[in-house]
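Protein chains: 2
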Amino acid sequence: MTKHTIEFLPDNITVTVDKGENLLSAAAEAGVYIHAYCGGDGVCGKCKVVVDEGEVHSSKSNLKQEDWDKGFRLACLSTVESDLKVTIPEMTTKSGKALKRKPKTTRTISAKSLDTLIGTWEVDPPVSKIYLELDPPTMEDNISDMQRVMRGIKLVMPGDSREPSYDHPELIKHLPRVLRESDWKITLLLLRGKNKGETFRIIDVEAGNTTKRLYGLAVDIGTTTCSGVLVDLNTGKIIAEASGYNGQISFGEDVISRIIYAARPGGLKALQDKVIETINTIIDDICRKMIISPSDISYIMAAGNTVMSHLLLGLDPKYIRESPYVPSVSQFPLTKAAGLGIHAHPSMRLFLYPCIASYVGGDIVAGVHACQMAKSEEVSLFIDIGTNG
Amino acid sequence: MTKHTIEFLPDNITVTVDKGENLLSAAAEAGVYIHAYCGGDGVCGKCKVVVDEGEVHSSKSNLKQEDWDKGFRLACLSTVESDLKVTIPEMTTKSGKALKRKPKTTRTISAKSLDTLIGTWEVDPPVSKIYLELDPPTMEDNISDMQRVMRGIKLVMPGDSREPSYDHPELIKHLPRVLRESDWKITLLLLRGKNKGETFRIIDVEAGNTTKRLYGLAVDIGTTTCSGVLVDLNTGKIIAEASGYNGQISFGEDVISRIIYAARPGGLKALQDKVIETINTIIDDICRKMIISPSDISYIMAAGNTVMSHLLLGLDPKYIRESPYVPSVSQFPLTKAAGLGIHAHPSMRLFLYPCIASYVGGDIVAGVHACQMAKSEEVSLFIDIGTNG
Chain A
1 MTKHTIEFLP DNITVTVDKG ENLLSAAAEA GVYIHAYCGG DGVCGKCKVV
51 VDEGEVHSSK SNLKQEDWDK GFRLACLSTV ESDLKVTIPE MTTKSGKALK
101 RKPKTTRTIS AKSLDTLIGT WEVDPPVSKI YLELDPPTME DNISDMQRVM
151 RGIKLVMPGD SREPSYDHPE LIKHLPRVLR ESDWKITLLL LRGKNKGETF
201 RIIDVEAGNT TKRLYGLAVD IGTTTCSGVL VDLNTGKIIA EASGYNGQIS
251 FGEDVISRII YAARPGGLKA LQDKVIETIN TIIDDICRKM IISPSDISYI
301 MAAGNTVMSH LLLGLDPKYI RESPYVPSVS QFPLTKAAGL GIHAHPSMRL
351 FLYPCIASYV GGDIVAGVHA CQMAKSEEVS LFIDIGTNG
Chain B
1 MTKHTIEFLP DNITVTVDKG ENLLSAAAEA GVYIHAYCGG DGVCGKCKVV
51 VDEGEVHSSK SNLKQEDWDK GFRLACLSTV ESDLKVTIPE MTTKSGKALK
101 RKPKTTRTIS AKSLDTLIGT WEVDPPVSKI YLELDPPTME DNISDMQRVM
151 RGIKLVMPGD SREPSYDHPE LIKHLPRVLR ESDWKITLLL LRGKNKGETF
201 RIIDVEAGNT TKRLYGLAVD IGTTTCSGVL VDLNTGKIIA EASGYNGQIS
251 FGEDVISRII YAARPGGLKA LQDKVIETIN TIIDDICRKM IISPSDISYI
301 MAAGNTVMSH LLLGLDPKYI RESPYVPSVS QFPLTKAAGL GIHAHPSMRL
351 FLYPCIASYV GGDIVAGVHA CQMAKSEEVS LFIDIGTNG
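For the record, the sequence lines run as chains A and B.
The opening position of the first sequence corresponds to residue 1 in my numbering, with each subsequent residue numbered one higher.
The opening position of the second sequence corresponds to residue 1 in my numbering, with each subsequent residue numbered one higher.
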């Protein structure tokens, strides 16, 4: 396919795209912010650009004749037909200027000092570690490696007579090597069963005693801003924070425009990739600060509104916008984060707060949960003010 | 990397390989059978070939001086250094000749007539289907698609108050589309929980009523021969059979030589690929006969000795051969067959019969299970005669 090069001014950012590519998508690909409130639907008329050199196919739509004559075009309704020089006028990038700066935390109270406001929490994470020193096999005791591990677990946790399940095939592929390299001294990472009375699941095995290293990450997936805090799951203490703008913002500013963008060819995947990229930047920031690896994080809890939650999992959000406004899922199952492209250990699970309905999301549920208002005798109201950006 | 072409005579089979490739591996890649009893360890001296043209690097090992002078070389100890013409003498391919023919079934009693010998079985497969006609969502009833399905299940199966789990993310990605395309009339494929009292799992959703189509495949993974039977899980009747030689045979004839071959670079993967290829041929044969698709098969039960079971799952079998003879796993967890490369629906599970020890495998366990000797009051002995090939 023929390729064309576009130079975006005034920032002199260059990108090469296929002939026929949509100009708004090309800008997003280049990381050039264009204000497109309606998500590229040709309705809001905000994504005005000037084509200085080269040729585009473009519809006029609701662009004023005066603007059209001056050389303005709507990026979302233009396709690339040759090499281009395109100027992004200040009005088109205005709201975006601020977005080039690192966001301040959107919280007026830092997560670390939240305890004093909402009371303390019992530390009872869904993942835990146990350290085992196993007897090496002999001719008299040559049960399989996995049976040896199960026997070791029973000695330490004699309560449950049923064997735990384990991640497959990842775990059994590594187990024999880890056992022998660690001289049969290992740490297991365990995931609690979903329902009460269900057996737990072994999701990782590490050489030696690593029980002191157990981290969880909480992520707030906002339509505008995403932020994350790293929690030491042995103590419950917050030990690092980071945040960044949700990268989806260049595809539309509110949830409706994101839903519209998701309906384009490749749109859903592009939106999912952008929020994953944002979360990865947060993870990388935190890991750099703490000098740990992303694979040291053993659990992620995330919350977002219903559209953000669907986009994170790559679920088509279109029925959320159409009457009778039905989400695909409201109680999200545990997801392997690495499977989504998140920088994480392959067996690390991501918990996404459940939604109540299409427009009452997991962000609200998480807020209600976090402030523990359910414990109050009195009728209480939870208000999520949001960015209103 | 430099490539060289090898022509194998007398069958005029040509293959192109990297310079330095092992000649036995090159022959296996070309599908040319060379008798290599020891699995390419340079010990058995069976893989004698004559290099007619071109150059190999070769060790003499235990090859007689007389043979060496005649131009014989051991394929397993030779590397390709130029384009080659290589003759496989009749003695080297002798045992292999028979292998080019389709194997007869190794059973003297066909699976279909086995009932009369061992008595009947209760039909109680681990997978089942239920058909649901759901109410479409309205403004008054706009719960999420997945909640609607869960509510539908509860109406049909009121016993269990807990929600079933489901395959993720496959199921929720397809569900909204299938629901709407089928006018909210769907069939769910359910997998029974592993432990008693565990909830079942939804592993697939199909449009319309497909409850009459429910097939299971049983596969015997022999070191020499593999065979499969297709069972109608609604009736318990065997409806098709197929078999073929285990493709691993060109890497060694018995389990010890396979273990040795698995220790070579890429050896484990090559052995796994070969048995998967064999199973796929059986599946394709059966599906052609029955005019069904491999994705119509809802469950696979397989049995093999401990080495065959490890190789199928891609587990290194080396500790099975070294004192104190320890397998990595003896109770294999359910595996997604498509993840191994088997022609199957992505959510289809493969059950592999558990092993007792390194040299008492799942084939024995399956035999003991199938003949129901545990029901007998008397002490009984089960003998698996095997191919002894």
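Simulated from the structure, these hints should not be mistaken for lab results.
Nothing here was measured: the structure is a model prediction, and the numbers come from that model.
Watch out, some of these pointers could steer you wrong.
Since the list gives no way to pick one copy over another, a pair counts as held whenever it fits inside one copy or between any two copies.
[What the hints assert, rightly or not] Within a straight-line C-alpha distance of at most 20 angstroms, the following computed EDC-like cross-link-like pairs (lysine to aspartate or glutamate) qualify:
#1 3 <-> 284
#2 237 <-> 29
#3 194 <-> 160
#4 46 <-> 67
#5 212 <-> 18
#6 194 <-> 384
#7 19 <-> 67
So, going through the hints one by one against the coordinates:
no.	hint	in the structure
1	3 <-> 284	neither (33 angstroms within a copy, 43 angstroms between copies)
2	237 <-> 29	neither (38 angstroms within a copy, 57 angstroms between copies)
3	194 <-> 160	both (16 angstroms within a copy, 16 angstroms between copies)
4	46 <-> 67	within (12 angstroms within a copy, 85 angstroms between copies)
5	212 <-> 18	neither (51 angstroms within a copy, 48 angstroms between copies)
6	194 <-> 384	neither (28 angstroms within a copy, 42 angstroms between copies)
7	19 <-> 67	neither (25 angstroms within a copy, 66 angstroms between copies)
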